[in-house]
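First residue of the sequence shown: 10, per the numbering used here; consecutive thereafter.
Be a bit skeptical, because a hint or two may be false.
Label-pair distances were calculated between CB atoms; the ranges are [as the list claims (entries may be wrong)]: (1) Arg-102 with Thr-79: 29 to 39 Å; (2) Thr-107 with Ser-35: 15 to 25 Å; (3) Glu-69 with Ala-48: 40 to 50 Å; (4) Gln-76 with Lys-104: 38 to 48 Å; (5) Lys-104 with Arg-39: 32 to 42 Å; (6) Asp-21 with Arg-102: 34 to 44 Å; (7) Ser-25 with Ala-72: 14 to 24 Å; (8) Glu-24 with Lys-73: 35 to 45 Å; (9) Arg-77 with Asp-103: 40 to 50 Å; (10) Ser-27 with Ser-96: 44 to 54 Å.
Derived EDC-like pairs: lysine to aspartate or glutamate, alpha-carbon spacing no greater than 16 Å straight-line [unchecked claim]: (11) Lys-97 with Glu-45; (12) Lys-73 with Glu-32; (13) Lys-83 with Glu-14; (14) Lys-97 with Glu-14; (15) Lys-83 with Asp-56; (16) Lys-83 with Glu-59; (17) Lys-83 with Glu-45; (18) Lys-73 with Asp-21; (19) Lys-97 with Asp-85.
Hints listed in this document are in silico derivations from the structure and should not be mistaken for laboratory results.
Even for Gly, the Cβ is constructed at its ideal location relative to N, Cα and C.
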Amino acid sequence: MVLLELSLVPMDAGESVSRQVAECVSLIDRSGLAYELHAMGTIVEGDLPEVLALMQSCIEHVAKESQRVTCSAKLDYRPGHTGRLQSKVQSVRDKMTTSND
Numbered sequence: 010m011v012l013l014e015l016s017l018v019p020m021d022a023g024e025s026v027s028r029q030v031a032e033c034v035s036l037i038d039r040s041g042l043a044y045e046l047h048a049m050g051t052i053v054e055g056d057l058p059e060v061l062a063l064m065q066s067c068i069e070h071v072a073k074e075s076q077r078v079t080c081s082a083k084l085d086y087r088p089g090h091t092g093r094l095q096s097k098v099q100s101v102r103d104k105m106t107t108s109n110d
């Protein structure tokens, strides 16, 4: 499985890009893949081909209205492991609780 952290910015959209972000998150939601939206991007979990195809769809969607789109993407590829979107965060929280005791 792969965790993909994705952030897209249409370079000619002005100061606010929340509409374009909402449209991309809607695409991600319709994909059925697990995801989490945060202040600086979105993290998606799935098989490598699925998340790469989804990233391409998001880029192409934003590019319909923009002459230039920048994309920052980070991949964490770890075959055989699922549910990492929540488990990685929970692991850190557990360690914080243990270290505070």
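Now for the hints, and whether the structure bears them out:
| no. | hint | verdict |
| --- | --- | --- |
| 1 | Arg-102 with Thr-79: 29 to 39 Å | 32 Å, holds |
| 2 | Thr-107 with Ser-35: 15 to 25 Å | 39 Å, violated |
| 3 | Glu-69 with Ala-48: 40 to 50 Å | 24 Å, violated |
| 4 | Gln-76 with Lys-104: 38 to 48 Å | 46 Å, holds |
| 5 | Lys-104 with Arg-39: 32 to 42 Å | 35 Å, holds |
| 6 | Asp-21 with Arg-102: 34 to 44 Å | 40 Å, holds |
| 7 | Ser-25 with Ala-72: 14 to 24 Å | 18 Å, holds |
| 8 | Glu-24 with Lys-73: 35 to 45 Å | 20 Å, violated |
| 9 | Arg-77 with Asp-103: 40 to 50 Å | 43 Å, holds |
| 10 | Ser-27 with Ser-96: 44 to 54 Å | 30 Å, violated |
| 11 | Lys-97 with Glu-45 | 13 Å, holds |
| 12 | Lys-73 with Glu-32 | 12 Å, holds |
| 13 | Lys-83 with Glu-14 | 5 Å, holds |
| 14 | Lys-97 with Glu-14 | 14 Å, holds |
| 15 | Lys-83 with Asp-56 | 14 Å, holds |
| 16 | Lys-83 with Glu-59 | 15 Å, holds |
| 17 | Lys-83 with Glu-45 | 14 Å, holds |
| 18 | Lys-73 with Asp-21 | 12 Å, holds |
| 19 | Lys-97 with Asp-85 | 12 Å, holds |
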